[in-house]
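Those sequence lines, one after another, are chains A and V. So that you can map any letter, position 43 of the first sequence is 43 in my numbering, and since no number is skipped, the others follow by simple counting. So that you can map any letter, position 196 of the second sequence is 196 in my numbering, and since no number is skipped, the others follow by simple counting.
Everything labelled a hint here was simulated from the structure, so no lab data went into it. Here a beta-carbon is modelled for each residue, glycine too, at the ideal position from N, C-alpha and C. Careful, some of the hints might be misleading.
Unchecked claim - If you only want the chain V side, here are some residues facing chain A, beta carbon under 8 Å, derived:
1) T7
2) A33
3) S36
4) F343
Said to hold, decoys possible - Derived Cβ-Cβ restraints for the label pairs, each shown as a range:
5) V:S403 <-> A:R87: 14 to 20 Å
6) A:A58 <-> V:L16: 48 to 54 Å
7) V:R3 <-> A:A58: 33 to 39 Å
8) V:A244 <-> A:Y78: 27 to 33 Å
9) V:R148 <-> A:V59: 47 to 53 Å
10) V:G112 <-> A:A24: 43 to 49 Å
11) V:P400 <-> A:R40: 27 to 33 Å
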Amino acid sequence: MTDRRFLLLCAGEVLVVAVGNLAAALILQVIVLGAYLGDRRGYWAFIPAAALFAAVIAVFGTVLLPLLGLAAALGCGYALLTLYDYRLTTWAGGEA
Amino acid sequence: MIRPTRTSSGIAALALALAVTALLITNPAAAFAAGSLALFLLWRGWRFEQDLASAAASLTVDREVDRTILRQGTAATVRVRADCAVPPGMEVRVRDLPPAVAAGDAPPSPPGKTATYTIRLMAPGETSFGGVVLEAADAFFAASLLCRRFGGPEIRVFPAGAAGDGRGRGAGSGDTEVERRAALAGQGILGFRPYQTGDDPGLIDWKVTARRDALYVRQPTGLEGGAPLIAVDLPPRAGDDPAAFARFSMAVSGAVEGAINSRDGCSLLVIAGPEIVRFLPRTMEIREALAALGGLAPIEPRAPLYRSPGPAVLAARARVPRRGAGEEETAYLARLSGALSAFAAESPAPFAAAVRAAFGRAEVQEVRIYSLLPPGDKSHLVQLAREAKVRGMRVVLRAPAGSPALPGVDTVEAI
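From just these sequences and the hints, can you work out the full model?
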């Protein structure tokens with residue numbers, strides 16, 4: 001079942017790429033990922049971030065710089081996530 | 001740290017492929033698809049951490065140990081139940097962490113269900129549990145979170161072979177358990193455990209109770225005689241009641257410990273149907289005996305006996321009276337006796353021969369058979385009991401309450 005859903009997600013991504021238009025791609029991407037999720041709690045938090053990234057691509061008019069910027073932002077996000085995980089582990093371990 | 005599942009790894013690979021495509025063909029939509037998938041994963045990771053934190057915050061653990069004062073190497077049964085609020089889409093399992101000096105692992109169990117397992121404390125002193133591990137997973141991430149704040153209750157372990165007096169720190173007087181052997185064997189104390197409803201009030205140890213501020217009862221080793229051979233009959237399968245097999249294992253371990261601690265050691269014979277799984281003759285080493293018992297599990301025997309009575313029974317049947325009422329009956333009985341004697345002599349009985357050899361090496365006067373007596377062929381137990389009777393041994397069967405008696409068994413006791 002998971003494999004089948006993943007294949008459907010891949011097909012959805014092909015559609016997103018094929019539409020060409022960024023606004024249509026944003027709407028389609030939100031629908032595709034929303035359909036992929038079983039539980040959509042907090043999904044609203046993802047939509048503005050995706051819209052912001054689409055806007056950045058539209059403003060820059062190129063793909064390299066937005067992708068590099070996103071990679072940097074993702075690195076920061078991952079670092080924050082690691083920090084949060086560390087705090088949770090120390091709290092649960094009784095050290096904090 | 002959180003670990004990606006197969007799904008999130010696939011999505012990351014898809015995002016990477018889309019990013020490469022976007023760079024190669026300079027396609028903004030492909031770049032957006034790649035970036036949004038990466039953002040999606042980051043958001044899922046953040047949400048997973050939120051869910052994990054809420055599950056850990058709501059976690060409560062209720063742990064019970066049947067004995068909190070015990071000897072080194074003694075088994076203790078732990079019942080643990082964990083409850084927590086499980087966020088939607090997340091699967092949570094909780095695994096108990098036994099004390100660092102304990103041998104034995106706890107099975108993971110879902111919240112709200114009680115897990116029961118057995119541990120052996122291998123080092124003396126006061127110890128407590130390591131907490132619990134919260135194993136959480138959703139479709140995208142998985143993590144194991146060690147929660148150390150659930151360490152109780154404390155367990156006090158006496159050194160093996162040393163006297164345990166049940167004293168707390170700073171106590172200046174009290175009863176002392178001694179290792180001295182009296183001419184008439186009486187009851188020694190295996191340990192202390194919290195009082196449970198239905199316990200004999202006469203077994204309450206008031207001094208330990210006063211020191212611990214809770215009712216504690218003594219656990220006597222029991223009145224036992226002679227170095228026994230403990231025969232463990234492994235059931236062919238765990239059946240519908242794994243708890244019964246756990247009780248059975250505990251009863252066997254307790255018997256071996258009791259025999260070694262209070263007497264001159266014991267011999268251990270583990271059988272699965274007509275197969276001898278392990279044999280340990282005349283051991284005084286508790287570790288060796290427990291190692292022989294370690295990892296015992298139900299085994300389906302490969303070669304059933306198909307209700308074969310064995311050579312001892314055949315030989316007994318062959319001893320029919322040679323004289324009948326008349327000439328014809330006398331001739332018939334002579335032929336019958338000859339045929340049965342021939343069968344008894346020729347019948348290949350490798351199991352009976354192996355049991356006979358084990359009895360010869362063990363040199364014991366009593367065999368205690370531990371069995372769950374599952375439905376089906378019990379001829380291996382009949383052969384075992386008969387071989388013991390041939391050697392003049394006393395045969396005690398310890399089985400679940402209400403079990404039928406077997407031929408050749410002197411006493412049946414409930415586990």
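Honestly, do G112 of chain V and A24 of chain A meet the 43 to 49 Å range at C-beta? holds (47 Å)
Hey, does the F343 of chain V contact hint survive, CB to chain A under 8 Å? violated (62 Å)
With 48 to 54 Å as the target window, see if A58 of chain A and L16 of chain V comply at their CB atoms. violated (23 Å)
Report holds or violated for the interface hint on A33 of chain V, using the least CB-CB distance to chain A and a cut-off of 8 Å. With Cβ-Cβ at 5 Å, under 8 Å, it holds.
So, as I understand it, the hint says S36 of chain V touches chain A; can you test that by seeing if any CB pair is closer than 8 Å? Status holds, d = 4 Å.
Should the hint that S403 of chain V and R87 of chain A are 14 to 20 Å apart at their CB atoms be regarded as holding? The hinted range 14 to 20 Å is violated for S403 of chain V and R87 of chain A, with Cβ atoms some 57 Å apart.
Hint check for V59 of chain A and R148 of chain V - Cβ pair distance inside 47 to 53 Å: Since R148 of chain V and V59 of chain A have Cβ atoms about 50 Å apart, the given range 47 to 53 Å holds.
For the hint 27 to 33 Å, verify it against the beta carbon of P400 of chain V and that of R40 of chain A. violated (52 Å)
Consistency of beta-carbon spacing, Y78 of chain A to A244 of chain V, with hint 27 to 33 Å: Since the Cβ atoms of A244 of chain V and Y78 of chain A sit about 50 Å apart, the hinted range of 27 to 33 Å is violated.
Distance restraint hint 33 to 39 Å, applied to the beta-carbon atoms of R3 of chain V and A58 of chain A: Hint holds: Cβ distance 36 Å, inside 33 to 39 Å.
Less than 8 Å between beta-carbons is the criterion; does T7 of chain V satisfy it with respect to chain A? holds (6 Å)
Hint violations for this structure: numbers 4, 5, 6, 8 and 11, all remaining hints satisfied.
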